[in-house]
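Colleague: What follows is the residue order along each chain.
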Amino acid sequence: MPFNSASDAFQLHPDVRLYRTTLKQTTLGRSNRGGGAAGQVAFGGAATTRDPSEVADEAETHAFLSQLFQRVGEAGVAANAGDFAGGGAFTSHPLVVASTSRMIGAYAAWLGQSREGQAMAQGAVTYLLGALRVPEAFAHASAAFRNVLARCAARFNSVAAATALMDAANERTPARPPPASSSSSSSGGGGDDDDRAAIVEGIARVIASMSDANVAADAGRRLAEPPLRRAVAHAAGGGSDANASLLAAELSLLASAVRFLEFPAIAEAEAANHPAMAVVSHAWPTLSTFVGDPWRGVPKVQNALCDVYTRAVLCAKRSAKPLLPHVLAALKDAFTASPSANARCLDVLAVIVEVFSVGGSSGAFAAARDPGGVVTSAAPASATSDDGVARVADPSVAEALSSALLTASQTAHSTLSASPLSDNADLARATFELARAFALHAPAILLTSPALPPLAEMAAAALSTLERDAVRAAVAFLSVIIAPGDKASASATWSRGKGAVDAFASTRGEAVVAAVVAAGADTCPRHLLRPTAQLLHAMRGAYGAIVDQWIASVVLSNPAGGFPNAPGVEPLDGATLRTFCELASSNRLPPQRWTALVVDFWLVCRKEATADALLAHQM
Amino acid sequence: MDVASDAAVEFLSAVLSPGAVGDDALDESNALRAIIGGLCAQRDAMMAGEEGEDLARAVCRVAVAVSEKDAGALARPDAPAECLNLTDLVLCAAEAHARPVMEAAADYFLMLNTVSVSSRHPSLGEPLFKRLVGACVRRATLPADFTTWDAAEEDEDTFGRFREQILADVLDNCYGMIRSRCLLEIGGALASARSWQDAEAAVFAARAVAAPLRCVLYTGSHTTAFAW
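These protein sequence lines are chains A and B, in that order.
Counting in the numbering used here, the final residue of the first sequence is number 2000, and the numbers go up one at a time with none missing.
Counting in the numbering used here, the final residue of the second sequence is number 240, and the numbers go up one at a time with none missing.
I should point out that these hints are in silico values taken from the structure, not numbers from a laboratory.
You may find that some hints are simply not true.
Straight-line distance between alpha carbons at most 20 Å, and here's what the computed EDC-like set of lysine to aspartate or glutamate pairs gives [claimed, not checked]:
hint: 1; chain 1: B; residue 1: 142; chain 2: A; residue 2: 1435
hint: 2; chain 1: B; residue 1: 142; chain 2: A; residue 2: 1438
hint: 3; chain 1: B; residue 1: 142; chain 2: A; residue 2: 1441
hint: 4; chain 1: A; residue 1: 1698; chain 2: A; residue 2: 1643
hint: 5; chain 1: B; residue 1: 142; chain 2: A; residue 2: 1439
hint: 6; chain 1: A; residue 1: 1988; chain 2: A; residue 2: 1954
hint: 7; chain 1: A; residue 1: 1698; chain 2: A; residue 2: 1780
hint: 8; chain 1: A; residue 1: 1868; chain 2: A; residue 2: 1735
hint: 9; chain 1: A; residue 1: 1681; chain 2: A; residue 2: 1804
hint: 10; chain 1: B; residue 1: 142; chain 2: B; residue 2: 119
hint: 11; chain 1: A; residue 1: 1698; chain 2: A; residue 2: 1775
hint: 12; chain 1: A; residue 1: 1988; chain 2: A; residue 2: 1951
Everything numeric in this text was worked out from a predicted model, so none of it was measured.
With these hints in hand, go ahead and build the complete structure from the sequences.
Modeller: Set out below in structure tokens:
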């Protein structure tokens, strides 16, 4: 664009001139404010004075929107009275209601942030409540309801307002998920999404903004009541697949209700008052009936339950402790009943370990940053057993988790060893991710657990499969136990417990190396080559030259002749293999280069690169 | 006629693409004026009711190529009459004809809006964009005989894409250009709505400008139209 100078550009275009802040209070800006020559006004005062025309424009914008939303609010009153004809243009047709709902959602920020908008929030919500009665508008109305309440929560968080809101919303919430409308799917919502969740989430945001935890807990119970009641009704209908779906949908709504009930200020001492806990405790007698038959082996229902547990634990954090025994028992029940279908149970367990873990790098940093802060955990970070490694401080929780780990690994082991891994790929993934969560957040439990050897064994076996998620999780788990990091390695926890890992490495190390090297050259998913090579490097770092010998023995002395030794793959010539082994066993290469060498070698094996690729590493 | 006009559009667009002809500035500007003159000469034919739609679309496509070539020259304060004529022609076509013409014409207005206001003819500021808001609302309107998507000739996805991608983009530009006056135009459309379809289209337009409006009100800058 033919601007003569930057200042020219800044006076010219309405968009450009709004970039006032990019030019600070320069001499230009100052002279402008003094001079005020025609045409220079726009460029005037950087942060202090504003262009009068902009101020006027903003006022006009607010006035227009106020008027618009005034009419929307009036239409809302009419619509809620069932008088759609009396609502004027905004209620003239179901599609207008849908569009208006969507428009209201788009102005949620204005409704929440500006003085003018806040005055209109009640009317907007009234309109949306009316729109929820219109099936064509339901998806947009519920989404807008959530967005507006999220922005305007403080306007509705009195007991009376929140109760009225809940009662009105509940009355308009259908007993089963409405069919996903095509307009909602085209606007980004997933096909299976239950639009009712947005209503629940909106109200949960209002509850989360309440200042009194007890009041919030009451409100939370009230919010959870309708989905629970419907869940019971669906469950009473028998164990058909359709009923399972309906039941699962209601449980998901419960999870949505719990999801936003975070009250970070609540200390562990008042755990029972935490609104998220209040909701789940209130729901527990009902929830526990869904853990048993006929829903025990129904993944849909169990996954939805797992969702509730996960949301509750993530929300209440360590305040969830009173609930823990119940949740762990329910998880054990569901998982042992049908391990392959209920792998999600292990994911919940992994979340619990993470939430109840203290110390470690993040905890240590937090403590260092806030030395005077109230430590809400059961044991302060400076307890005697603390050696800078993450751990579950509460002894009873640690014990429960330890036993949960053992049960989980035993059950997973018997399932995984009974059939090919591809039949239970998700279970394998969840098992290794759980093991990794323990290794990171509660190494003391994992290292002393009899579960460790079979877990490592299973992970090693998974390496030579084609299941990408299982391989990824197995590599991540093995990498953590073999190389937990410099700081962790030096800790008492790891030096005491490392014996179990070392024992595994001395008996199974060669087999693991053989599996890794062969997998890299053949089956390992392409995007996992680097982390897999890093695992090999970690083993080398931990166990030294013996690993080089193991690598050489796989590559050079393969009995069936040549490497890679896989059907349909031409083995490499001896010179290339020897070059690789020499390079790999020399200590010349820094870690990243060594990893790159291994990846390149694997690409050569896969015929995706030529032997020349190794040349670069020789220099 | 269709094949011939398509071929003509292809040819003219190719000629107008950067580097297609020599670098003699005088030749180029003469050629450009000749093309603009040729486009303007189609006015009567392309504005002759539904018959003219294909022609209007073809003219808009070439006009877009012209604007991409040199929007500055089209919009100069001292631009020759035929340049202003061309803009008026494209706008009239977008107002008068059905969706395909607006689809073809949209980029023309976006290109014009890349020219700084002080380098623009006064008629290409507020007057143009006010009319454009009206044209967008009209094109966003569902057919008068619309009942449900299942029964409609219109495909829901196609219509949705046109509104959400093309019209929303043009309206975003209109808002960036004329701010609250854009809202007043939309308010006018809402107030004068004579059917639910009219009201629905105006409500759509009010939503489409919510995003740029939020940027202006809460961050003090409208970054979507002009990113540095």
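Colleague: Confirm or reject each hint.
Modeller: How the hints compare with the structure:
1. B/142 with A/1435: Holds, at about 18 Å.
2. B/142 with A/1438: holds (15 Å)
3. B/142 with A/1441: holds (16 Å)
4. A/1698 with A/1643: holds (9 Å)
5. B/142 with A/1439: This hinted pair holds, its Cα atoms lying about 18 Å apart.
6. A/1988 with A/1954: holds (12 Å)
7. A/1698 with A/1780: holds (18 Å)
8. A/1868 with A/1735: holds (19 Å)
9. A/1681 with A/1804: holds (19 Å)
10. B/142 with B/119: holds (17 Å)
11. A/1698 with A/1775: holds (13 Å)
12. A/1988 with A/1951: Between residue 1988 of chain A and residue 1951 of chain A the Cα gap is close to 9 Å, so the pair holds against 20 Å.
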